[in-house]
Amino acid sequence: MFGVYVKKNGIESLYKFPWKVSIVAFMANPATLKGEQLKETFEFLTKDPFFDVIEIHPLSDELWSAVEPIIRKTGIEVAYGAQPLVLMEKKNPSSLIEKERKEAVEAIKKVVDIAAKRGVKTVAFCSGPDPGPEKREEAKQALVESLKEITAYAKDKDVMVILETFDRDWDKKQLLGPIGEAVEVAKAVRAEYDNFGLLWDLSHGPMLNEKPSDLYVAKDFLVHIHIGCTKLTPEGKKDWHPGFYRPGAVNGIEEVKEFIKFLADIGYRGAIGFEVKPEQGQEWPEVVQAAKGVLYTAFAKYIIENM
Numbered sequence: 001m002f003g004v005y006v007k008k009n010g011i012e013s014l015y016k017f018p019w020k021v022s023i024v025a026f027m028a029n030p031a032t033l034k035g036e037q038l039k040e041t042f043e044f045l046t047k048d049p050f051f052d053v054i055e056i057h058p059l060s061d062e063l064w065s066a067v068e069p070i071i072r073k074t075g076i077e078v079a080y081g082a083q084p085l086v087l088m089e090k091k092n093p094s095s096l097i098e099k100e101r102k103e104a105v106e107a108i109k110k111v112v113d114i115a116a117k118r119g120v121k122t123v124a125f126c127s128g129p130d131p132g133p134e135k136r137e138e139a140k141q142a143l144v145e146s147l148k149e150i151t152a153y154a155k156d157k158d159v160m161v162i163l164e165t166f167d168r169d170w171d172k173k174q175l176l177g178p179i180g181e182a183v184e185v186a187k188a189v190r191a192e193y194d195n196f197g198l199l200w201d202l203s204h205g206p207m208l209n210e211k212p213s214d215l216y217v218a219k220d221f222l223v224h225i226h227i228g229c230t231k232l233t234p235e236g237k238k239d240w241h242p243g244f245y246r247p248g249a250v251n252g253i254e255e256v257k258e259f260i261k262f263l264a265d266i267g268y269r270g271a272i273g274f275e276v277k278p279e280q281g282q283e284w285p286e287v288v289q290a291a292k293g294v295l296y297t298a299f300a301k302y303i304i305e306n307m
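If you number the sequence shown the way the numbering used here does, the last residue is 307 and the count never jumps.
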C-alpha cells in the first residue's frame, strides 16, 4: 500500500494507490526457489508497508513452517505461483498425450490442496509449450479440459485458479500466448466456473507485440497483473525479468503509467505485482527498490496528468 502527495493548481491532495501491491518473491530472490533465504526474504518484504501480497512457489511443510509465523504476525497475504511446475518441472496441462496431461492436472491439484490447507486463496500457472500451428487448436482444447478439471476441484476448496500468458515465439514459447486466444480459453472455463481468471505480465507484452490497450478484450477476465521488463539481447527478446533501468530492459515509467491508466479506465480490481530479478553483480533488494520507485513515479505522473 502506498500513496502519492500531489500539489496541482494550488490544491494539495493525497492519492492512495487503488490496488494491492504484490511481489513474486521467488523471482526477486531466486535463492528462495532452492529453499534458501526464505525467512530473510519474508522478513524483508513484510517489514515494507509497500507490499500487501507475497507470491511464492508452493513450499514444503518444513519451509512453510519457517515463514508461517511471519505471515501470521504481519497478516501479509500469500499467493501461490506454480509456474515453475510447468516451466521447470515440465508438467504440461495442454499436452496431447493424455497421460502427461493428467499428470499435470494431478500435480496442480496437489498445489491447490496445499493452498487450501494453508489458507492461500490463489494458484497461478501457465499453459505448457506451444506444439506448433498444426496442433495448436487441439492443444487449446486439452488445456480447456485441464483447466475445467482443476477449477472444479479448486472451487470446492475456495481457491481461485489463474492462468498466466507467456510469449509464444521468443523465449518460454508457451501455447498461450496471445491475449485474444487466452480470452477464448477463459470464456470456455468461465462458462462453468467463476473461480478462474487471467494474469497478464507487462514484461511479456513486447514479446507478444501487445500493449495494455490490447487487453480490453480481456477486461472481464483479468484478475492479476505483473509489471516488469523484457530483456533485449543480441539474440533477441528474452523473458529474463531484469530490473528496471538495467541494460537492455524494455519498459519503464511511461509504460507503467500508461498501464495504470488503462487499468483504471477498465475498472480493474485485482492486484498489481512486481516480477523483477537481480542480474549478476546485483543484490536482490536493489531490484525491489528500483521497481517500487518506478511504480510510485508512474502513479504520481498518472495522477498529475489525469486528475
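Please note that the accuracy of each hint is not assured.
Said to hold, decoys possible - With a straight-line cut-off of 25 Å between C-alpha atoms, the simulated PhoX-like cross-links for lysine-lysine are:
1. Lys237 x Lys292
2. Lys187 x Lys157
3. Lys99 x Lys135
4. Lys155 x Lys121
5. Lys16 x Lys219
6. Lys261 x Lys292
7. Lys34 x Lys155
8. Lys261 x Lys301
9. Lys211 x Lys148
10. Lys102 x Lys157
11. Lys102 x Lys135
12. Lys8 x Lys292
13. Lys121 x Lys20
14. Lys238 x Lys173
15. Lys73 x Lys102
16. Lys261 x Lys211
17. Lys219 x Lys102
18. Lys173 x Lys20
19. Lys148 x Lys219
As the list claims (entries may be wrong) - Pairwise CB distance ranges (calculated):
20. Tyr193 x Leu232: 34 to 42 Å
21. Pro69 x Lys110: 38 to 46 Å
22. Glu68 x Gly180: 22 to 30 Å
23. Gly132 x Glu184: 16 to 24 Å
24. Glu184 x Glu286: 20 to 28 Å
25. Gly10 x Asp194: 40 to 48 Å
In short, the hints are calculated from the structure, not lab data. Just so it is clear, the structure is predicted and the values come from calculations on it, not from any experiment. For every residue, glycine included, the Cβ atom is placed at its ideal position computed from N, Cα and C.
Hints, one by one, checked against the model:
| no. | hint | result |
| --- | --- | --- |
| 1 | Lys237 x Lys292 | holds (24 Å) |
| 2 | Lys187 x Lys157 | holds (22 Å) |
| 3 | Lys99 x Lys135 | holds (17 Å) |
| 4 | Lys155 x Lys121 | holds (10 Å) |
| 5 | Lys16 x Lys219 | holds (22 Å) |
| 6 | Lys261 x Lys292 | holds (18 Å) |
| 7 | Lys34 x Lys155 | violated (30 Å) |
| 8 | Lys261 x Lys301 | holds (10 Å) |
| 9 | Lys211 x Lys148 | violated (28 Å) |
| 10 | Lys102 x Lys157 | holds (20 Å) |
| 11 | Lys102 x Lys135 | holds (18 Å) |
| 12 | Lys8 x Lys292 | holds (23 Å) |
| 13 | Lys121 x Lys20 | holds (15 Å) |
| 14 | Lys238 x Lys173 | holds (11 Å) |
| 15 | Lys73 x Lys102 | violated (38 Å) |
| 16 | Lys261 x Lys211 | holds (12 Å) |
| 17 | Lys219 x Lys102 | violated (30 Å) |
| 18 | Lys173 x Lys20 | violated (30 Å) |
| 19 | Lys148 x Lys219 | holds (21 Å) |
| 20 | Tyr193 x Leu232: 34 to 42 Å | holds (38 Å) |
| 21 | Pro69 x Lys110: 38 to 46 Å | violated (24 Å) |
| 22 | Glu68 x Gly180: 22 to 30 Å | violated (41 Å) |
| 23 | Gly132 x Glu184: 16 to 24 Å | holds (18 Å) |
| 24 | Glu184 x Glu286: 20 to 28 Å | violated (40 Å) |
| 25 | Gly10 x Asp194: 40 to 48 Å | holds (47 Å) |
Hint compliance for this structure: hints 7, 9, 15, 17, 18, 21, 22, 24 are not met, and every other hint is.
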